[in-house]
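2 protein chains.
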Amino acid sequence: MSADEERVARAGLSRCSEPEDLAVESAVQALGAARVWELVRGATPTAEERQGTAALLHERGAREPAALRGLDTLRERLAGRAAEADPARDLENVERLGGGLLLPGDPAWPAALDDLGPGAPLALWWRGPRPPGDTAHWLGIVGTRDPTAYGLHVTAVVAGGAAAAGAVIVSGGALGIDAAAHRAALPSGIPRDPEEPLVTVCVLAGGVDRLYPASNARLLRHVAQEQLILSEHPPGCAPTRWRFLSRNRLIAALGAGLVVVEGRWRSGSLSTAHRAAELGRWVGAVPGPVTASTSEGPHRLIREGAAELVVRPEDALEAIGLVRGRVPARQDALPGLAGAGEAAETGSPVDGLSEPEARVYEALPRRGGTSLERLVLAAGLAPDEALGALHGLLARGRAARGEEGWSRAAH
Amino acid sequence: MSADEERVARAGLSRCSEPEDLAVESAVQALGAARVWELVRGATPTAEERQGTAALLHERGAREPAALRGLDTLRERLAGRAAEADPARDLENVERLGGGLLLPGDPAWPAALDDLGPGAPLALWWRGPRPPGDTAHWLGIVGTRDPTAYGLHVTAVVAGGAAAAGAVIVSGGALGIDAAAHRAALPSGIPRDPEEPLVTVCVLAGGVDRLYPASNARLLRHVAQEQLILSEHPPGCAPTRWRFLSRNRLIAALGAGLVVVEGRWRSGSLSTAHRAAELGRWVGAVPGPVTASTSEGPHRLIREGAAELVVRPEDALEAIGLVRGRVPARQDALPGLAGAGEAAETGSPVDGLSEPEARVYEALPRRGGTSLERLVLAAGLAPDEALGALHGLLARGRAARGEEGWSRAAH
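Which chain is which? The protein sequence lines are A and B, in order.
Going by our numbering, 251 is the number at position 252 of the first sequence; the sequence numbering is gapless.
Going by our numbering, 262 is the number at position 263 of the second sequence; the sequence numbering is gapless.
Keep in mind the hints are simulated off the structure, nothing from the lab.
The model shown is predicted, which means the values in this text are computed figures rather than measured ones.
Heads up, a few of these hints could be off.
[Claimed, not checked] To spell it out: a stretch of chain A is covered by chain B in this simulated footprint if at least three of its residues, at any positions, have a beta carbon under 8 Å from a beta carbon of chain B; those stretches are:
| id | region |
| --- | --- |
| 1 | 56-70 |
| 2 | 120-127 |
| 3 | 296-302 |
Beta carbons are placed, not taken as given, at the ideal position from N, Cα and C, and that holds for glycine.
Could you build the full structure based on these sequences and the hints that come with them?
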């Protein structure tokens, strides 16, 4: 079997089978894609081939009689589409669109997809100035198709901030949060040089030429021209409900992490989040008002322990290794998120201090300085206790000794 | 030492010492309150008494020389106030206000305070138609003094819902969230019969007659008349910053759980939440928009794992044992929280189904019925696979068999 036969076979099988078909996957693993492609186009399997496929199907939970009939059932199911399929033409078409087909193991194949195991796609169709490459810093951002102004704002801040810090924003090109995430990642104004690093990837539920939904066609064309569109379906394939659900597993697997911005109690975003968590990916969710139904999905994920609460892009960047160490998790770290009004109530400056430390802190002058003797008197503590507390404050940088004596340190 | 001497002594010590004073607590434990009261009013301690107090202070971390001087330092610190104190008059005053003084171990003493260990109050002053009683269903609700309209709304829904279900809302009587929590618990309109069960408790940082802040005086008078006001300070004592901080530990300890509604990055509410968590109390926090600085405190608590994300009163009621078992955590369980617009996007009905289940579900008619044979064909699965999936759907209540055959079940 030549490399070319393998390409044509996988292209053909991706045209005539649906994603996550365990029978197809088992047959391909047992017999190779080229042989399965022959079989669905009319060749007759040997008893050994039936047995090999059945063994894998059985391993994956199919019961004995069904497993034994597995290869023949598969041939019957796929025969109609296989007869009409023209993988060579599909391959020409994707090249004409400015793209190509990747097989597992190809240099540009995203190894992250292999984490899907038997659910990994047979092949990956791509479109754009360059194939996928390294996915270490890819970050999925998904959410409702019907967002609030708040959700769109937060998406812009999180996706824009993450992309500016080097993350590649992966989403599904849908209306609402998906589109806002792609848009926030794309620099506005001057068209990008295709040589510049990738900033956003759109994984479609149909072929890479089916820019669905139509109202996002302009955005998706932009992504196709400057960024990257991926699909496990050949050009021309229509998106169907099943394909949308299956597509979500690719977004879940391709990102090193996934952030859900808004989504209702039951939603595609939640299923993507659960799939990402199953794959061991970091998952984050942005909270919102409990009075909005769009907050139900993120809050549910956080309550279930499936997602970490995210308030700013840094939370996601840390999780996918783009920020080293923990930075203080203030929400005002980036413009646009909180910050305004922050100074109005910063709480008590003695929070977090022990009782003697709080007393000594209160007794310290803000300016000038005081002697240790006066400090002890003012704090109403025994000298030894006051000195211990002062040491504690020094260690926290809350007290300082200047020329005029002891005082509070700038907090 | 008579019971009356103990009452007078603890009343006197609560007048002249500050809360959480480990030296006072050690001396009282070593020598008894009545003897400490004599000592701070001029009696001379024996070497044995010095040693006994020093041993406890040392146990609690004081260094040797300070511990040895502990009792004398304490006497010096408290002597001035002790000379002016008149505990008998304080006791008369609290009775005139319609209240009393509770000592640890009294029948109405809230045993929950004993969880504070050495930080437990010396005594508890109360005011209202009845003393504390059982605190099993007390629920703390605290938050910023400078809330948003959203925070006030959520407080009303959570505190009102919890009180209606039998929780007693404990808060600090401050402006903002505290006041909203007390108000939501109080039934509006007709004055309450004092015989009715308690619905809200206010823990003040000054005496039970110091209705601070003044702008809440009307609310606090209402609470004093029909509900319950508590303080560890005798009548007349002014609230000070230190006393506010100390008071928070009483709110933390008195509730079986604590909910933080809004609070900034550093705030009294956060310190109350941390103290509650340290005491092993359940802590919840209500999320909000990440764009509001009032959400920083709750989000921080949730991120740190110190608080559970709360979206509705039931979340807190479950935690303090007022709702049995887990009820579905929909946000629209109570009016006012989400629900509106819920039907707009309920997500895909095949979420959570396996691939064959989803295919069979899609192939099932909504009305009427279909045969198994047709179902298998429509689903494009092997009969055995389709039957297995159908079993799965039956188990989830997603498929049903009627007179006309198989169909979807109402979801």
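So, going through the hints one by one against the coordinates:
1. 56-70: Holds: 6 residues of the region 56-70 of chain A have a Cβ under 8 Å from chain B.
2. 120-127: It is violated, with 0 qualifying residues against the three required.
3. 296-302: holds (count 4)
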